[in-house]
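Could you build all of it, start to finish, from the sequences and the hints given here?
There are 2 protein chains.
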Amino acid sequence: MTKTYAELNPSPRVLLGPGPSNPHPRVLRAMSSPVVGHLDPDFLKVMSDTKELLQYVFQTSNDLTFPISGTGSAGMEAALANLIEPGDGILVLVNGFFGGRMCEMVERYGGELIRVDIPWGRIIELDDVERVLKANKVKVVALVHAETSTGVLQPLEGISRLVHGYGALLLVDAVTSLGGCPLKTDEWGLDACYSGSQKCLGCPPGLAPITFGPRAISALKDRRNKVANWYLDLSLVQLYWGPERTYHHTAPISMNYALREALRIVYEEGLEARFKRHQLNQQALLAGLLAMELQPFAQEGHRLWTLTTVRVPEGIDDARVRGRLLTEFMIEIGGGLGPTKGQIWRIGLMGYSSSKNNVLLFLGALEQVLASEGFGLPAGAGVAAANQVYCEARGIAMTAGV
Amino acid sequence: MTKTYAELNPSPRVLLGPGPSNPHPRVLRAMSSPVVGHLDPDFLKVMSDTKELLQYVFQTSNDLTFPISGTGSAGMEAALANLIEPGDGILVLVNGFFGGRMCEMVERYGGELIRVDIPWGRIIELDDVERVLKANKVKVVALVHAETSTGVLQPLEGISRLVHGYGALLLVDAVTSLGGCPLKTDEWGLDACYSGSQKCLGCPPGLAPITFGPRAISALKDRRNKVANWYLDLSLVQLYWGPERTYHHTAPISMNYALREALRIVYEEGLEARFKRHQLNQQALLAGLLAMELQPFAQEGHRLWTLTTVRVPEGIDDARVRGRLLTEFMIEIGGGLGPTKGQIWRIGLMGYSSSKNNVLLFLGALEQVLASEGFGLPAGAGVAAANQVYCEARGIAMTAGV
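These protein sequence lines map, in sequence, to chains B and W.
In terms of our numbering, the first sequence opens at residue 116 and continues consecutively.
In terms of our numbering, the second sequence opens at residue 116 and continues consecutively.
Since the hints were derived computationally from the structure, they do not count as laboratory data.
Some hints here could point you the wrong way.
Note that the list lumps identical chains together, so a pair holds whenever it fits in one copy or between two copies.
Said to hold, decoys possible - Heads up, simulated DSS-like pairs for lysine-lysine below, C-alpha to C-alpha not over 25 Å straight-line:
{"#": "1", "residue 1": "Lys118", "residue 2": "Lys160"}
{"#": "2", "residue 1": "Lys391", "residue 2": "Lys456"}
{"#": "3", "residue 1": "Lys118", "residue 2": "Lys252"}
{"#": "4", "residue 1": "Lys471", "residue 2": "Lys391"}
{"#": "5", "residue 1": "Lys118", "residue 2": "Lys299"}
{"#": "6", "residue 1": "Lys341", "residue 2": "Lys254"}
{"#": "7", "residue 1": "Lys118", "residue 2": "Lys456"}
{"#": "8", "residue 1": "Lys299", "residue 2": "Lys254"}
{"#": "9", "residue 1": "Lys254", "residue 2": "Lys336"}
{"#": "10", "residue 1": "Lys391", "residue 2": "Lys118"}
{"#": "11", "residue 1": "Lys249", "residue 2": "Lys456"}
{"#": "12", "residue 1": "Lys391", "residue 2": "Lys299"}
{"#": "13", "residue 1": "Lys252", "residue 2": "Lys336"}
Okay, here's the thing in structure tokens:
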């Protein structure tokens, strides 16, 4: 036993990638609270609060609303596994990496996959959906509200009406939208929706909030077969999160402390104020990036407030720039996934990470790195453009530099 | 928005139930370290250390050794889902609650379940296994090393030889043994083994360490179908934990910090010293319980060092006693599960919770509660008997009270 393991000492990063974002210090502190048992009265109270607060952020009165004990992908799998029985027609609308992941899961659960591919960076149009619904028997239509791989925000209201008109269920991935931009589960008629703790909710990764509406619950009750996944069987997990409090699995106690604290912060700020903050910071960031002559990747008019994508300028080495941001400035941003690998940068402003300070810091750091990598850009233009946006929002006149 | 949510304030419990146990303060502190990205160089180092330290506690050189991003039940499901294809003969030896859970999962993955029930509280004998192996085509034999529901420690070496003699794989649940009593993955020839973070490793719940040996890896490679579970597909997760570092899902960063710190503490103490500590504290506890005239539940000679079970004395209300321990002394112990509900108490001494202090405190508190509940017992006998064990172990003569 000569080897020794050093004290844990992770770098204090500024997390501006596709997630995780920086948790609020209160959230980190909550995790070091004393651990109690998973049926302790103190923990049952944490569960009740968490459920209520999740209903608030999902804007739903759905009783089946709780965090899955896994990361966002476990939420995706829970939503799909519970609604798919072998042979069911499942339409997945794919306009990015995470739609592709849904297809992979649909096949594992024996669903009849109908996959429609839309170019990455663009939204799904009603016609893309209706054409397929007319021609096929579809039980579930699945899509991504906020594509983390492309930075596109998908409108949901029209698709929801269309899907329900054909008697299908709408399943929505809200991993990168919940708590950062409007997501009206009940008003928009979303039947199944899930998210991750580590993005706009401002909690570390490890939990996946999920909600099922009345139509999805009926589908659960009408199943001919057991869900082909025990850990994620929502009917069993619901017996633990519901009034029965029947033991299913040992809940991740400390992670649930963190999520409750993160949700409490969302509630204190208020959803509307939180959305406005995310919107303003994204506008300032985008103005800065445009002023630096970078080209947005996501379709205009459908850009996320929580994640901004721009093309890597010609002649610039993607990995080198991200590496320098990380090592010289402690800033993490994301690169592209799949077909956009090496082509785009993904800059997240989520939860506690969505702040004026981070926007100004990032634009300043990016200017320094890009300029020293030989990308000619107007000096100071990024920060100035962002400041212009902030001052306008505050009704302050900005004196132009001479 | 009139409702307010109070500051998180869970009670500082003494966790002597079937898990979670109390994490070491260093482990709680580790969780409030800065969050970094799941592909950050700092996190990759945490992963490398964690893998090495898990190999140390599993006593294995298996390359596929890492924590599943879910609780112990997710570990169980990962082990089963990856080794079962529809129609495979799966023998589950059930001598407690968690064997029953395995059966439930086997059916969901389409395995041909062969279930053998052994009375709860007793070990599985070689004859129970051989009889079935002779008569059936069996791919996997699954059993529980340390049954949390009964307090029984299952010997594994003989069964391992037998199972391999019939060309089957041995799958072992070590949720309540790993880090608390000997578990020699390689020496005993265990093919698949999983555990939970929240018991003898002294970490909060949320991760499930798992290890697959060469025969299990071959079975993975020989699969005709994809694993019917995307999140727990070990071949995909291994690409993230292996040298490829291919993104699969966002790892629960803070939980991995906690696990690394918990494992570092195990490593500093040393496995042998740790096992001896668990053994001594259990001997002292059991001596105390016997002196208080309580009757053990688990088969003599096969009692766990990590969890002790005793029968609830006649005329004593199980829930009332546990409730008083919790509210008057902040001590959690467990009641029975399934057929032993209301019949037994389960007293865990796991990880950091396995200490002389907790043994003496618990025996003192139990005496006070039982005496005031009308159970006549020799005054002071429990603590005195425990002290006798400790003094003998230290080679100190104890003067008997007059």
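Cα distance capped at 25 Å. Does lysine 391 pair with lysine 118 within a copy, between copies, both, or neither? between (51 Å within a copy, 23 Å between copies)
Classify it for me, lysine 118 with lysine 299: is the Cα-Cα distance of at most 25 Å met within a copy, between copies, both or neither? Between. Shortest inter-copy distance 21 Å satisfies the 25 Å Cα cut-off; intra-copy 53 Å does not.
Between lysine 254 and lysine 336, at a C-alpha cutoff of 25 Å, which is it: within one copy, between copies, both, or neither? within (15 Å within a copy, 34 Å between copies)
Go through the copies and call it for lysine 249 and lysine 456: within, between, both or neither, with a Cα cutoff of 25 Å. Classified as neither; 35 Å inside a copy, 54 Å across copies.
Have a look at lysine 341 and lysine 254 and pick one of within, between, both or neither, based on CA distance no larger than 25 Å. Both: 17 Å inside a copy, 23 Å across copies.
Within, between, both or neither, where lysine 391 and lysine 456 count as close if Cα-Cα is 25 Å or less: neither (31 Å within a copy, 52 Å between copies)
Should lysine 252 paired with lysine 336 be assigned to within, between, both, or neither, using CA atoms and 25 Å as the limit? within (20 Å within a copy, 36 Å between copies)
Give the relationship of lysine 118 and lysine 252 under a CA distance limit of 25 Å: within one copy only, between copies only, both, or neither. This pair counts as neither: shortest intra-copy Cα distance 61 Å, inter-copy 45 Å.
At most 25 Å between alpha carbons: which applies to lysine 118 and lysine 160, within, between, both or neither? between (44 Å within a copy, 15 Å between copies)
Within a copy, between copies, both or neither: which one fits lysine 118 and lysine 456 at a CA-CA cutoff of 25 Å? neither (38 Å within a copy, 46 Å between copies)
Please sort lysine 299 with lysine 254 into within, between, both or neither, judging by C-alpha distance up to 25 Å. within (22 Å within a copy, 49 Å between copies)
At most 25 Å between alpha carbons: which applies to lysine 391 and lysine 299, within, between, both or neither? within (16 Å within a copy, 56 Å between copies)
In the structure shown, a violation is registered for the earlier hints numbered 2, 3, 7, 11, in ascending order.
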